[in-house]
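Participant: Now for the letters of each chain:
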Amino acid sequence: MKKFLMNAGVQKIFAALLAILFGLVFGIVILFIASFFISKASYPMDALYTIVTGGLRFSGLKGLGIIMRFMSPILLTGLSVGFAFKTGLFNIGASGQFVIGGFVAAYICIKWTFIPLEYLWIVGILGAIIAGGLVGLISGLLKAYRNVNEVISAIMLNYIAMITVSNLVSVIADKNNPSRTMPPLSRIPTLGLDKIFGNNTTDISIFIAILVAILIYIILERTTFGYELKACGYNRNAARYAGINDRLGITLSMTIAGALAGLGGAMVYISSITKVFDSLLTLAPEGFDGISVALLGMSNPLGIIFSAAFIAALKNAGPALSRSGFNEEVVKIMTAVIIYASAFSLIFREKLVQFFTKKGAKK
Amino acid sequence: MEYVIELRNITKVFPGIIANDDITLKVKKGEIHALLGENGAGKSTLMSVLFGLYKPEKGSIFIKGEEAHIANPNDANRYGIGMVHQHFKLVHNFTVLENVILGVETVKNGTLVMAEARKRVLELSKRYNLFIEPDHLISDISVGMQQRVEILKMLYKNNDILIFDEPTAVLTPQEIDELMKIMKELISEGKTILFITHKLNEIKAVADRVSILRKGKLIDTVDVSSSTKESLSEMMVGRKVLLEVNKTPAEPKEVIMEVSHLSMKSKHHGKDSVNDVSFKVRRGEILCIAGIEGNGQTDLVYGITGLQKLSGGKILYKGVDLATKSIRYRSLSKISHIPEDRHKHGLVLDYNLAENLILQTYFTDKFQKHGFLKFKEIYDHADKMIQRFDIRSGSGSRSVTRSMSGGNQQKAILARELDINPDLLIAVQPTRGLDVGAIEYIHKTLIEQRDAGKAVLLVSLELSEVMSVSDRILVIYEGELVGEVDPSKITQQELGLYMSGSKREKVE
Chain A
1 MKKFLMNAGV QKIFAALLAI LFGLVFGIVI LFIASFFISK ASYPMDALYT
51 IVTGGLRFSG LKGLGIIMRF MSPILLTGLS VGFAFKTGLF NIGASGQFVI
101 GGFVAAYICI KWTFIPLEYL WIVGILGAII AGGLVGLISG LLKAYRNVNE
151 VISAIMLNYI AMITVSNLVS VIADKNNPSR TMPPLSRIPT LGLDKIFGNN
201 TTDISIFIAI LVAILIYIIL ERTTFGYELK ACGYNRNAAR YAGINDRLGI
251 TLSMTIAGAL AGLGGAMVYI SSITKVFDSL LTLAPEGFDG ISVALLGMSN
301 PLGIIFSAAF IAALKNAGPA LSRSGFNEEV VKIMTAVIIY ASAFSLIFRE
351 KLVQFFTKKG AKK
Chain B
1001 MEYVIELRNI TKVFPGIIAN DDITLKVKKG EIHALLGENG AGKSTLMSVL
1051 FGLYKPEKGS IFIKGEEAHI ANPNDANRYG IGMVHQHFKL VHNFTVLENV
1101 ILGVETVKNG TLVMAEARKR VLELSKRYNL FIEPDHLISD ISVGMQQRVE
1151 ILKMLYKNND ILIFDEPTAV LTPQEIDELM KIMKELISEG KTILFITHKL
1201 NEIKAVADRV SILRKGKLID TVDVSSSTKE SLSEMMVGRK VLLEVNKTPA
1251 EPKEVIMEVS HLSMKSKHHG KDSVNDVSFK VRRGEILCIA GIEGNGQTDL
1301 VYGITGLQKL SGGKILYKGV DLATKSIRYR SLSKISHIPE DRHKHGLVLD
1351 YNLAENLILQ TYFTDKFQKH GFLKFKEIYD HADKMIQRFD IRSGSGSRSV
1401 TRSMSGGNQQ KAILARELDI NPDLLIAVQP TRGLDVGAIE YIHKTLIEQR
1451 DAGKAVLLVS LELSEVMSVS DRILVIYEGE LVGEVDPSKI TQQELGLYMS
1501 GSKREKVE
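In the order they appear, the protein sequences are chains A and B. Numbering-wise (this note's numbering), the first sequence opens with residue 1 and increments by one. Numbering-wise (this note's numbering), the second sequence opens with residue 1001 and increments by one.
Hints may be right or wrong, so weigh each one.
Here are the computed lysine-lysine pairs in the BS3-like style, where the Cα-Cα straight-line distance is at most 25 Å [stated by the list, open to error]:
(1) B/K1253 to B/K1029
(2) B/K1026 to B/K1318
(3) B/K1055 to A/K351
(4) B/K1253 to B/K1318
(5) B/K1199 to B/K1029
(6) B/K1058 to A/K351
Only part of the chain A face toward chain B is listed, based on derived beta-carbon distances under 10 Å [claimed, not checked]:
(7) R57
(8) E221
(9) T223
(10) F225
(11) Y227
(12) N235
(13) A239
Some residues of chain B that are not near chain A, with every Cβ distance over 10 Å (derived) [stated by the list, open to error]:
(14) K1229
(15) L1359
(16) G1371
(17) K1376
Honestly, the hints are just simulated from the structure, not real lab data. All values reported here derive from a predicted model rather than from experimental measurement. Glycine included, C-beta positions come from ideal geometry on N, C-alpha and C.
Put together the whole structure using the sequences plus the hints.
Facilitator: What follows is the structure, encoded as structure tokens:
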């Protein structure tokens, strides 16, 4: 038992759960305070129930479909950030990579009609991966060869990507008929999931995302390539000493992180979710959700699957809160607290170890 | 008998290890009390408890007869306890004076008043013969001087219990002598010194009493005058230790590496840090590059191992010029490198022991197939290495190397580097910061390698190591070779003259 509790992986899971618990307790406090001031919000426990069930108590199977839909882009941006974390880099540029990926995917799926429509989504996804990867590559090259901090270059690239996409859309768009809708056939296929969940946005993107998560896990933990990348991340000097090309490692890490975020963009823009490019002068929030997801998932690709599901469920619960008279923002506050708490996960882990060792010593 | 410090039954537990096990230590006023022990014996932990950095699970501390509750270094300071850490805590772009007053500044109307502080600093410097220049920047003065600034900081705060954590590890032989003098001076002024070390010579030179720790337990406290180096080291290690290096004369064979006209550009200034250096290394000999720290030996090794580009010259190894070859090429052609800085280069501290043991070989067919790591082989290999090299750690091959003691980290590097069966072993300060037992082991291993017909290039600052282990010595001074000597025909004093640049001759 003690050995089980001293296992680093088990501790990480405990720490994440503690963070979530912390956020929930904080949420309860907020709900109760709010119920004092808002007369129609008189059932805080009812609202809590809505949150804990991810809003599924109202929406049922359809809601589950929506959660799965919300989940795939933030799972991929989460993987992007988490992968970079594991290799010692902070990819705050997921937002820009995401938008560029989404744009390229949408462009391909609308314009490249010389490809049979039913295969177009695959080409679109590949395009998104390459485009996102190229954005990541810029940060990677700058870091590896000119020692430019990846955080700074990535933040700037976020804005560059956002404005570039916004301009490209207005350049490419037909003056008379500026809005174009994706042909349904060229979207990510639903394989009947839309019928099962009774929601036309539910498609196979979630399975793609989970497969990618497993793939990233295998690369990081099982391959020599992952061993090299992590060595560069943990200790660039030691990697060099061991004959690993540290510059190549850093460049590749950022490129892969960018590709993952780019793929996340494709998951949104070539699906049946309604999302438009024209007024895109805000940074894509999915990129920053990725940071939250990666933190809560402790950068572990498998953990990120669960944390993405959790955060997607919270998002789904938000609108349903109005039924108990509360604002959707309560969920945002709770999410924020949970992310804060998971950022402090190291402290949680330490406390956990102390707690268990003390208990163990007494026995 | 009045004791100035009494540590009673101190127990400090870290996950998986008892660092201090029921230790009771009593220090008399006005003595130099040495704390001797191997790496990981618990010396630093015990001092950290005294200094308020760790909270012990059990035990109490009495200062001057009164129970003291020390929760942080500020409390310690209030009880007059000061500490010189192994790695100095100085602000490099501040002057000496600014560093000394940091945290205890005199302020008048919201501005700093330096005049009084300057007067006191100069006064203290004179009284203890520290020869401090208050307006020099820390980044401009030598390591020895920096240490004196640390001492001055304690004196400025009126501390009278001074803890020195392995103070000589970073000093040249001359600076060590100076430090010993200063320590005696401090004692004569009524201070008490606790002196952490594992160097027996230093204990014999200055300490009055010595407490020996082994594996977290206090073995004994004895008078230095009534004990011998042999008895002390036996208590420290728990068995008899050979303090002398046993070896037969070398039988040098063919030249394996010829370095000619090698130059390196310095990273810090435009000049060459290594200037036109030429020498040969033969199989079956231990060639030592001796010199005081910062005279180009680090860059020279970086050049030979490929960590830094040459600015000129050739390295002919087994008939091939290595100058433009990759690091991987060099390691595949059987050059091993025990790096000077084991945390910077030698280990990925967040990897576990097994993962670190394959750092040079993870890409070979033994440990991977189609790009996938073979974990069973990796952990089996680690278990073998752990056994063969007696590497000790909390949880075996799965221990995170960050949590291991310095000596065992070094053994892990040694194991890994010998595992590739090198023809040329480059060892830079392989025993830095290690205890007698580990030093003995590493010296023995180097000599075994030599006797097996390998070439060993040893870079060391430690005079006694240079004299006892090497077969041939090249002295480096300001990036140039200034002398080639035979260790059996030279005294330490004479070698010191070469190292300090007062004597030089043309090499080759």
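Participant: Does each hint hold? Answer for all of them.
Facilitator: Hints and how they fare:
no. : hint               : verdict
1   : B/K1253 to B/K1029 : 58 Å, violated
2   : B/K1026 to B/K1318 : 59 Å, violated
3   : B/K1055 to A/K351  : 15 Å, holds
4   : B/K1253 to B/K1318 : 13 Å, holds
5   : B/K1199 to B/K1029 : 23 Å, holds
6   : B/K1058 to A/K351  : 19 Å, holds
7   : R57                : 43 Å, violated
8   : E221               : 9 Å, holds
9   : T223               : 5 Å, holds
10  : F225               : 6 Å, holds
11  : Y227               : 6 Å, holds
12  : N235               : 5 Å, holds
13  : A239               : 7 Å, holds
14  : K1229              : 36 Å, holds
15  : L1359              : 4 Å, violated
16  : G1371              : 5 Å, violated
17  : K1376              : 13 Å, holds
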